[in-house]
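Undergrad: What follows is each chain in one-letter form.
Protein chains: 2
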Amino acid sequence: MARVFGFKGCRKIRGSQIRNLLETKDVFLFDCDGVIWDGEHAITGAPKVVNSLIRHGKNVFFVTNNSTKPRENYVHKFYRLGFTDVMQEQIFSSSYCSALYLKDVAKVNGHVFAIGCEGLLKELRDAGVALTDEMDSPEDTIAKCALTPGVKAVIVGHDDTFTFLKLAKASCYLKDPNCLFLATDSDPWHPLRDGRILPGSGSLAAALEVASGRKATVIGKPSRFMFECISSQFRGVDPAQCLMVGDRLETDMLFGANCGLDTMLTLTGVSQMKEAQDYKDSQHSTNQSFVPDYVVDTIADFLPAFEDMD
Amino acid sequence: MARVFGFKGCRKIRGSQIRNLLETKDVFLFDCDGVIWDGEHAITGAPKVVNSLIRHGKNVFFVTNNSTKPRENYVHKFYRLGFTDVMQEQIFSSSYCSALYLKDVAKVNGHVFAIGCEGLLKELRDAGVALTDEMDSPEDTIAKCALTPGVKAVIVGHDDTFTFLKLAKASCYLKDPNCLFLATDSDPWHPLRDGRILPGSGSLAAALEVASGRKATVIGKPSRFMFECISSQFRGVDPAQCLMVGDRLETDMLFGANCGLDTMLTLTGVSQMKEAQDYKDSQHSTNQSFVPDYVVDTIADFLPAFEDMD
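Same order as they appear, the protein sequences are chains A and B. With the first letter of the first sequence counted as 1, position 30 gets the number 257 in my numbering; the numbers rise by one all the way through. With the first letter of the second sequence counted as 1, position 181 gets the number 408 in my numbering; the numbers rise by one all the way through.
Heads up, a few of these hints could be off.
Subject to a maximum C-alpha distance of 20 Å in a straight line, what follows is the list of computed SDA-like cross-link-like pairs (lysine to any residue) [as the list claims (entries may be wrong)]:
{"id": "1", "chain 1": "B", "residue 1": "Lys371", "chain 2": "A", "residue 2": "Gly422"}
{"id": "2", "chain 1": "B", "residue 1": "Lys371", "chain 2": "A", "residue 2": "His417"}
{"id": "3", "chain 1": "B", "residue 1": "Lys442", "chain 2": "A", "residue 2": "Glu267"}
{"id": "4", "chain 1": "A", "residue 1": "Lys371", "chain 2": "B", "residue 2": "Glu267"}
{"id": "5", "chain 1": "B", "residue 1": "Lys442", "chain 2": "A", "residue 2": "His417"}
{"id": "6", "chain 1": "B", "residue 1": "Lys371", "chain 2": "A", "residue 2": "Glu267"}
{"id": "7", "chain 1": "B", "residue 1": "Lys402", "chain 2": "A", "residue 2": "Pro418"}
{"id": "8", "chain 1": "B", "residue 1": "Lys442", "chain 2": "A", "residue 2": "Leu530"}
{"id": "9", "chain 1": "A", "residue 1": "Lys379", "chain 2": "B", "residue 2": "Gly422"}
{"id": "10", "chain 1": "B", "residue 1": "Lys371", "chain 2": "A", "residue 2": "Arg420"}
{"id": "11", "chain 1": "A", "residue 1": "Lys275", "chain 2": "A", "residue 2": "Leu530"}
Hints were generated in silico from the structure; no laboratory data involved. Computed from a predicted model, the values in this text were never measured in an experiment.
Model the full structure from these sequences, guided by the hints.
TA: Structure (structure tokens):
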């Protein structure tokens, strides 16, 4: 099938097509939620796929916008769900990459106000970032609460203890134009069981963008920064040799497009084939960045390829 | 000074110019915060201006996006600060107008989930709107909390007890495309003393828009709806006879432009002359809607006109 330059294929592949693709790629980047697991359940066959790729000498990385857990918890989760060959160095979470950004790129020297879960706070502390430590009481209001002087950055990630006071304090810190404004990611929401919705970091960041009149620098996908973190730690990673596998067109596929990687949509998560096809058929050329090169029902479709390769 | 058609004047007026304007207008719409008062302090001279307009037979209305207080509290505040001639019928708050919208326009028949202060909740209850009454405990999470079935509308206003759980519940209700999504107003933030920032309803609405993937219908300024509420209750209000006086270009001046009213910026609040001039000088024709027709330092500049008029 001829590939038209500038337009992604959105091509459903199987069998020998998958084997050929696996043979041409050296580096596999996987999103986690909806790709290799769904909450506390591994996607059927996914552990065997990941372990097989590693044993066949492929470089495998995990790029997740989920900022709720520190990487060491991810290592335990990988092991618990049967991904027995994954090591901490392969895991690039938006929390970890945010810490890298603050230390190595922004070289922040001073206090950081963080809105987020323990996963974000621990990665920041582990990287040596100094967090503000005002002790707010439930009676505190923004008109009369403690504010740390000279805060150098505000970072917002997923936070299920988000409150109006946190939003207001962050808005006050961001009045200083020298105070950096970061978001771990811009994910709008996440699906829960029973059709419920979990608002994402992108939702909290939007509130803060409006209240502060500023735009956040986004660390996670679709920003290129996570790929830059991988490239700086693993020399010789060539975009042409990479395949980005994800379940969300607006984050994973766009991330791949932004980094010059071939992309694969797996249909075990948020986005479905019709949405990909709609983007492909769209008249807006910018929508082409959301279109995957390849589509599989599940990464378990990789399994027969290994039988051939063995 | 010749007035170029299609372009607002941004004209600083004083003395006899103000007297002439007051004589040609029958209806005066005032924003409150930053125009007639600043927190618990009346703008110097403002009570005398408002009382004089009323005594000279002018129709005076107050259009405020502040949704935190029910109208009866506003009556007390007006009286307390010296605006002794103001009655409840003259006050159009975003809370009151939201209740009118739900009852008279949307004709909502079922439960409404409200994110807001007591001012909003009371106006809704007074209008006969049925509010959800789930009792959340601090341990509740969105994965396992009570959700009222068949919620017909979600409304978001200023709420200093805003939490992640409220945001998440609202996002779940809005999955039903038949569930209306309203915002009392889209104000991004409000100034506090000491340079602190109070995030506005627009900030909370933005979070919910991202988490739900939907756009809120905005009740307050700059939407036309508040003016429609006035017109429906006071027949014969002619836009050509109205002057809208406010302190914020992006809400008050745009509201006036949207409703076909002449507009006046007073410099006792958020927006300053330079911002108005920048909009006027902008190449984007849409920015002309933010430009006031007239500018005064304070509405106390009206006072000499009454001396002439007496």
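Undergrad: List in ascending order the numbers of the hints, as given earlier, that are violated by the structure.
TA: 3 and 8
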